[in-house]
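Participant: Listed here are the chains, written in short residue letters.
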Amino acid sequence: MTGEQIIFLLTALFTLGSGVMVVTSRNLIHAALWLVSALFGVAVTYALLDAAFLAVVQVVVYIGAIAILFIFAVMLTRKDMRDQGPQMNTNWWFGALLSVLVFGGLFFLLQGWSGLSRTASPIPPGFDSISELGNALISPDAYVLPFEVASVLLVAALIGAVYVAFNPRSGDTRK
Amino acid sequence: MVPLSWYLIFAAALFSIGLFGVLSRRNAVAILLGVELMLNSVNINLAAFWRYGDVSQMAGQVFAIIVFAVAAAEVAVGLALVISVYRRRNTVVADEINMMKW
Amino acid sequence: MSFWNDPLKIAADWLMGIFTGWGMPEIAAQILIGFLGVFLLVALLMVLDIFLVWVERKVVARFQDRLGPNRVGPWGLIQPFADIIKLIIKEDTTPGGADKVVYNIAPMLSMMSVLILWAVVPLAPKIIGVDLNIGALYIIAAGAIGTLAIIMAGWSSNNKFALIGAFRQVAVMVSFEIPMLTMLLIPTIFAGSMGFNAIIEAQDIWYVFLAPLAAVIFLIAAIAELGRAPFDMAEGESEIVAGFNIEYSGMKFGMFYAGELLHAFTFGGFMGILFFGGYRFFGLEQVSAFLAVAVIVFKAFIGYWIIMWVKYTLMRIRIDHMLAFNWKFLTPLAFTLLMVTALMNALLAGTSPWIYTSGMFLSNVALGWIALEVARRYSRRERARVEGVVTTSRSTLVG
Amino acid sequence: MATELLIWLIPLPPVLAFFLIVLLTNRNKALSHTVGVGAAFLSWLGSMVVFVRALGVEHLGEHPFVSSVTWLPLGETTDTYFDIGILVDPTGAAVLFFVAWTIFMIFLYSVGYQNFGQPKGDHDQAGLPPHGATVEEHGHRHRVPSVEPMYSRFFAFLGLFAFGMYVLVLSDNLLTLFVGWEIMGLCSYLLIGFWYAKPSAREAGVKAFMTTRVGDVFMLLGVAYLYSATGTLSFREIFTEGVLHTLATVPSGVLGLSAAGLIGLLLFIGAVGKSAQFPLHVWLPDAMEGPTPVSAMIHAATMVSAGVYLVIRMFPLISLDPTTMAIVAFIGAFTALFSATIAVAQNDIKRVLAYSTISQLGFMIAALGIGAYVAAAFHLITHAFFKALLFLGSGSVIHGMEHGVLHTGDHKVDPQDMFNMGGLRKKMPITFWTFLIGGFALSGFPVLTAGFWSKDEILADAFGHGHWAVFITLAVAAFLTAFYTMRQITLTFLGEPRTKEAEHAQETPWTMTVPLVVLAFFAVTAGWVGIPEHFPALGGLIPNWFHEFVGGTLAEHPEAVEFSIWPLLTSLFVALGGLGLGWLVYRNVKTPAEDRLQIPVLKNKYYFDEIYDYLFVKPAYWFAETVIYKFMDQGVIDGFLHSFGPVTDRFGSAIRNYFDLPVINRFFGDGSANVTYWFGGKLRVVQTGRIQQYLMFALVVFIAVGAALYFFLLA
Amino acid sequence: MSPWIYIGLFFIVGLIIPVGAIGFAWFLGPRKSNPIKRTTYECGIETVGDSWVQFKAQYYIFALVFLVFDVETVFLFPWAVRLGQLGLFAVVEGIIFILILLAGLVYTWRKGMLEWA
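Residue numbers (our numbering), protein chains in the order written: chain A, 285 to 459; chain B, 187 to 288; chain C, 108 to 506; chain D, 35 to 749; chain E, 11 to 127.
Keep in mind the hints are simulated off the structure, nothing from the lab.
Ideal placement from N, C-alpha and C gives every residue a C-beta, glycine not left out.
Misleading hints may appear alongside valid ones.
What the simulated footprint calls covered on chain C by chain A, stretch by stretch (three residues with Cβ under 8 Å from a Cβ of chain A suffice, anywhere in the stretch; the number is not a length) [what the hints assert, rightly or not]: (1) 238-252; (2) 277-291.
Here are some, though not all, of the chain E residues that point toward chain A, as calculated from beta-carbon distances under 7 Å [claimed, not checked]: (3) F21; (4) L25; (5) V29; (6) G39; (7) S43; (8) A73; (9) W89; (10) W119; (11) W126.
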């Protein structure tokens, strides 16, 4: 077992463990913090995959922004669910069963796939993935449309979220 | 060298954990947390396929970045909905948000 | 290649020889050497941090026409060590009702978020932790961890003021992160890379001359990101006692405090790297790596001094003004500047350095002037609206 | 400008108009209709230029205008794409011609129909037809029509609709054709339910949407099958010798059809839904709830033609399998006769036309079923003109009648009921004459009108190819067509006014009459391009240009059928006989009671709505109500516990009563109800309103179906 | 060897130092805790109520706007890196991107959502 494999296994275990904590923590803030650690694990995975940009963006976007948003949202919806009462719905066992089934199914499907034992070829020297990414994002015969649409999507999300959550007609915005 | 299968199985496991959260948590915010895990597992797959395929084809990374944007949009709107429901109905329990029954 | 040019390599090779001589596998030796190097750098930083406490106290004293520490050791130099001993032997209390784990992790994360920044800081052409090609984003990522530490500290303290302080601080930090990110894009455009080494190498002309407005905006955003006056939301003593770290004491408080100082110094360094040529100073960096380190530390100190200067000159701004300033002025300005820079960069491509520089400089100045003029007009109108009653009464008097 | 580029640009103005109106100009009515009509005009202009250029190309069939760009990358290899492209071949050009004309005319007509320039209604509200406004003029008050409250929105929808139609006509592959198809489906829903505050309009919209959806699902299956069989959806790639041959020989494994037969059948079911053929015809009459321009646009000129157009487009594929062709012919002929008989007994002026449309579409489908490709295309075009004319004319009549209603103030009078009309020829001369022309064209009035030539060609083809059953059915249907058309004209325009409202009817503004005149012109002349060569006296005066032109689309140029006097005589007889009989019978009819043809079974459209209600709607409601709805709030365990007691109890009493009560009584009385109740209890968890449970069900189904697919298809 | 090893080392050392410092202080410092010491310190008087106060929605709004801009800026980094080589077309693309982005800001501004009060 090589060092990279050991690092991968540790990261995977850490991430999956954090993931389990996310879905089982009673305290929502804890769940959100566990989410942060799971997402950090995913960032490490990206680093292992030589996707430097994704790794850093993962931290910037998820830990820097999405986790903060989650924590703010929990703070805004207070008292309701804190630690009391069941955190799982009545059919949680069924959900668990389905999740196991999905995992089993995916595992089964993956096993039958021929490309599974593929190994990565080394990154060619002088290959700059950021630069390539920039090329891909803005050259007209690649992904310039998704690039522009992404900004539309985000603006739409912004407008939608602002409107949904704080429509002045729905009453006092401060409470 | 880590074989591709490890990444894929890792992602599948993370996906299933997220799925469990989505299906079983009562709190709507916690459901969204589960969705985040699922989206991330998808991203791991995308990055892994990029790395294990033709590296000069950036489709995997571009898709992953688009997924970031989608995740951000999803969280923004999802949490806004939760907050909106909370302000109207004073609950964030997904079971109790069943006005759309009919 | 000599020790004076590339000391790290020489030292690493030497250690390598020793370790492999002990029968250590090469990869383990490499990691061990890396570890030692990192540890050495971090240890030096901590020492520097202690020294920074003294600098900060001395400087603020001078600003306030005082002497500052002057009893312990020559010029009070030993004073910070005394402080540290106090912090170490203080009782470590955790408030009841606090979330113990989160409460204890927060200060560590806060300190860590600052220390890991140094992984990408180039001290000399060859002395750099990692020449990551995404350096600019990396510092934002590290900042994200700092933000998280603040929110963890505030939430876990089980204290209203801590929570409110943390929330305000985070709101300000995330808000000012946008102009900062945008301003990081401008050196990236000039250098065609996000790596700090590449940015420094590309600075035959300091970027402050190409984009003075960007430097100013970056400085403002950095100060807010640091949570220092005039954006020190966390320490709104009159409102929320002491912000997110109100419940912390002893070494844990020390971590927040030292983190803040080192953070400020680090951002002084980033100012130097992004806009003032980093370790380059008229070829001095070619002479010896040690001179290069001296240059960049000197620049970082100047940056740090400017941040202190601002801090001890201006008073704290109210949070609503702070956020309005960011979202309604700084962010649009930053994005406009980004667009103008991108456009000018494309238009002036291929022209002589003189035209390029002066074009960039003038467009920056013009944009800054327009922005200030718009803001001035707006505030005049606003003032007239607010003081409308007064104005009319005065005019009736005149009339 | 290159023709291909121009073709690309044709669909754009309407969709731009849609966005412009929705986003920017929707507050300003004049601006909105300027944008809408202007866009329709631009598209019309482009279409005309393309049409004229198409005429100038020799052998357009072999060298059509084509252009395509890659759109969606597929799979791992880099060179497979879904393409989007345009194709104008002779059929396409001919269809484009009538589509452009009718769409432009309908846009223009809508300006008048929605009362532009009239004052705002007194108590109009969005979602209801305008009720009229009171104005003071020269000191006395009188009521005038009021402008539609959602005027701008109407033009926006029309624009989107026109976009869908142009996309459909110009597309060079089934995928984009399907996109246009579905855009039109959406627009028809929006437009039929335009007055959404009227429950009947709302339901009609839903009905139209759902019914066509049934067809669309099959069509999509057909498209998918076609793609998996051939790997392409482009017409030009499918209609090559090799591909067609493969499709014709590969068995599909269903009903003994070949792959081509099954694909053709599935696509045909899509067309059945869209073109309102039996048994999916039920939506079209109800769709008359929409504003009349919509009826003209959707249900006469364009959308229903889309179904026929699809069959025409896919004709080389569909014609490969004789079984499919027989089904097509049967459905078409049956629909033609069947809905003609219904049309005879309708009193609503638009409903008559609706059934007439279904019937005429049946003619075309039947023609395709017997292989008369050119005749079908010909009838499609002439029909579009005269049916649009008739619908717009009926709209004009209704508009005039509404004027009368506003005058008398008696809102109980239905302005669409033909028995409330009569004698309108003097009040509305332009409408009368154009309507007459349209009606005669529909009936196939000999020589002069377009309908005669196209219908005659269909009959001649049926006769010539020896399809006797189809020939006789269509002849009878044609007779009925002439009959009900004359009935309609007689009741509406001839005789004396039967109500006060009809006396005060008024001619409509120029924006409405100009389209009528233009369309009337085409209703007469469109037929002259296709006069058979050996027609007595007229044959050969004008060459049978249409046959040459459109026939050129097919790889094998279809032979014109041998001229025969019998179908011609039949045509003459059914047209003139039907018209004459209609006039004789309805000359003196004053009230519905005197109408002998008001037979309940016809009046109620053979009870099709009721049958469908009984077969599909009621069970669905029953399922929802009894099985699902009644047991909303408990979990599986709970439900089981709760029902365990009663069931045991019931079981016990069942044994007791076994000796006491007759078996029948117990079985039909308590037993079935209780079993239903118990069964429902088991299933009620299906609908809880809880998102997570829905998700779970979705996943269960997904896993089950996925596993099943995997094991049956892959393993 | 991957540069990420060094980043990892920085993370590890960055954690070890504060952990060591705090652990050292914990080891040396006195541990004589009592309930009074552990009370929440507010402004001197006894604290009232729960620390989990209801926050104003504006925090969420700012975090929301930040999130959107953050993600959008992330898109801009690869763009900026390649800008020098790609000429005017890429610049225009980026400017369109930024303008769309600013439209969202303007909307939020006009809606009055950027006001603190």
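Participant: Hints first: check each against the structure and report whether it holds.
Facilitator: Here is how each hint holds up against the structure:
1. Evaluation of the coverage hint for the region 238-252 of chain C: fulfilled, as 10 residues show C-beta separations to chain A shorter than 8 Å, against a requirement of three.
2. With a threshold of 8 Å between beta carbons, the proposed coverage of the region 277-291 of chain C by chain A holds, since 3 of its residues qualify and at least three are required.
3. Taking 7 Å as the C-beta cut-off, the interface hint given for F21/E is violated, the closest approach to chain A being about 9 Å.
4. The interface hint given for L25/E is violated, since its Cβ lies 13 Å from the closest Cβ of chain A, which is over the 7 Å cut-off.
5. For the restraint placing V29/E at the interface with chain A, the shortest Cβ-Cβ distance is roughly 16 Å, beyond the 7 Å limit, so the hint is violated.
6. With 7 Å as the threshold, the beta carbon of G39/E stays out of range of chain A, its nearest partner Cβ sitting at about 27 Å, so the hint is violated.
7. Given hint, S43/E at the interface with chain A, is violated; its Cβ is 24 Å from that chain's nearest Cβ, farther than 7 Å.
8. Restraint check, A73/E versus chain A: the minimum CB separation of about 5 Å is within 7 Å; hint holds.
9. Checking W89/E against chain A by beta carbon gives a least distance of about 6 Å; that is within 7 Å, so the hint holds.
10. For the restraint placing W119/E at the interface with chain A, the shortest Cβ-Cβ distance is roughly 10 Å, beyond the 7 Å limit, so the hint is violated.
11. Using the Cβ-Cβ criterion of 7 Å, the hint placing W126/E at the interface with chain A is not satisfied: the shortest such distance is roughly 11 Å.
Checked against the numbered hints above, the structure violates hints 3, 4, 5, 6, 7, 10, 11; every other hint is satisfied.
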